[in-house]
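Participant: Given next are the chains, with one letter for each unit.
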Amino acid sequence: DAMVIQNPRYQVTQFGKPVTLSCSQTLNHNVMYWYQQKSSQAPKLLFHYYDKDFNNEADTPDNFQSRRPNTSFCFLDIRSPGLGDAAMYLCATSPGDQETQYFGPGTRLLVL
Amino acid sequence: GQQLNQSPQSMFIQEGEDVSMNCTSSSIFNTWLWYKQDPGEGPVLLIALYKAGELTSNGRLTAQFGITRKDSFLNISASIPSDVGIYFCAGPRIQGAQKLVFGQGTRLTINP
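Sequences listed follow chains Z and V, in order. Residue 29 in our numbering sits at position 29 of the first sequence, with consecutive numbering throughout. Residue 106 in our numbering sits at position 106 of the second sequence, with consecutive numbering throughout.
A portion of the hints provided could be inaccurate.
[What the hints assert, rightly or not] Computed beta-carbon distance windows for the label pairs:
no., chain 1, residue 1, chain 2, residue 2, range
1, Z, PRO18, V, ALA78, 26 to 36 Å
2, V, ILE67, Z, PHE15, 50 to 60 Å
3, Z, THR60, V, SER77, 22 to 32 Å
4, Z, ASP51, V, SER77, 19 to 29 Å
5, V, LEU55, Z, ASN63, 27 to 37 Å
6, V, VAL84, Z, PHE15, 29 to 39 Å
7, Z, LYS38, V, VAL84, 32 to 42 Å
8, V, VAL84, Z, GLU57, 28 to 38 Å
9, V, LEU45, Z, SER39, 32 to 42 Å
10, V, ASP18, Z, THR20, 25 to 35 Å
11, V, SER27, Z, GLY96, 18 to 28 Å
Source of the hints: derived by calculation from the structure; they are not laboratory data. Fair warning: this is a prediction, and the values are worked out from it, not measured in the lab. Where is the CB? At the ideal position from N, CA and C, for every residue including glycine.
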């Protein structure tokens with residue numbers, strides 16, 4: 001089945017220790033998104049790629065970076081995680097010719 | 001900017017009851033999306049609405065795109081325990097911008 005895959009599902013890191021979260025898709029969608037979601041809140045968009053074009057949200061901290069080496073994969077790098085970065089991180093994809101987005105299962109990040 | 005207001009914020013119902021929730025905005029939306037999020041998982045698309053006045057069903061779920069294009073509602077008939085979760089409405093920030101704005105969510109709790 002075509003899908004959005006996120007690994008790992010749970011990630012524990014130490015304060016200040018860089019961490020990378022992964023997302024892959026078999027939908028062949030042009031657009032890939034990274035969201036941060038904190039408890040009981042709506043997802044908050046960090047950035048997205050339309051093909052290779054990177055689009056950063058104005059309020060996304062510099063601590064968050066992203067890479068999209070090819071159509072299928074997209075990575076979220078947190079350079080120096082703080083306690084406030086503990087959250088669920090959601091990857092989503094979209095075909096690009098419509099607004100509907102399809103989400104992965106998420107990676108829950110814990111910062112110790 | 002565009003905002004989506006969902007109500008109610010939470011619902012506590014008995015199994016078997018029908019559920020109704022809605023999403024309103026002061027801005028016009030050309031697409032309405034309804035997602036369900038289970039605890040610890042990513043949002044799953046339930047229904048997508050693309051035309052004013054459209055009424056679409058997905059099993060026990062029914063959603064309508066308001067005729068003014070400023071609201072949408074989601075109904076669940078004969079609720080069952082697996083309906084528990086948070087329901088989000090969403091719509092494109094700007095037509096063709098590939099970004100969504102989300103409502104605050106409606107948390108549904110079902111007493112067996």
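Participant: Now look at each hint and say whether the structure bears it out.
Facilitator: Hint check:
no., hint, in the structure
1, Z:PRO18 with V:ALA78: 26 to 36 Å, "violated, 49 Å"
2, V:ILE67 with Z:PHE15: 50 to 60 Å, "holds, 52 Å"
3, Z:THR60 with V:SER77: 22 to 32 Å, "violated, 40 Å"
4, Z:ASP51 with V:SER77: 19 to 29 Å, "violated, 42 Å"
5, V:LEU55 with Z:ASN63: 27 to 37 Å, "violated, 45 Å"
6, V:VAL84 with Z:PHE15: 29 to 39 Å, "holds, 34 Å"
7, Z:LYS38 with V:VAL84: 32 to 42 Å, "violated, 20 Å"
8, V:VAL84 with Z:GLU57: 28 to 38 Å, "holds, 31 Å"
9, V:LEU45 with Z:SER39: 32 to 42 Å, "violated, 22 Å"
10, V:ASP18 with Z:THR20: 25 to 35 Å, "violated, 45 Å"
11, V:SER27 with Z:GLY96: 18 to 28 Å, "holds, 23 Å"
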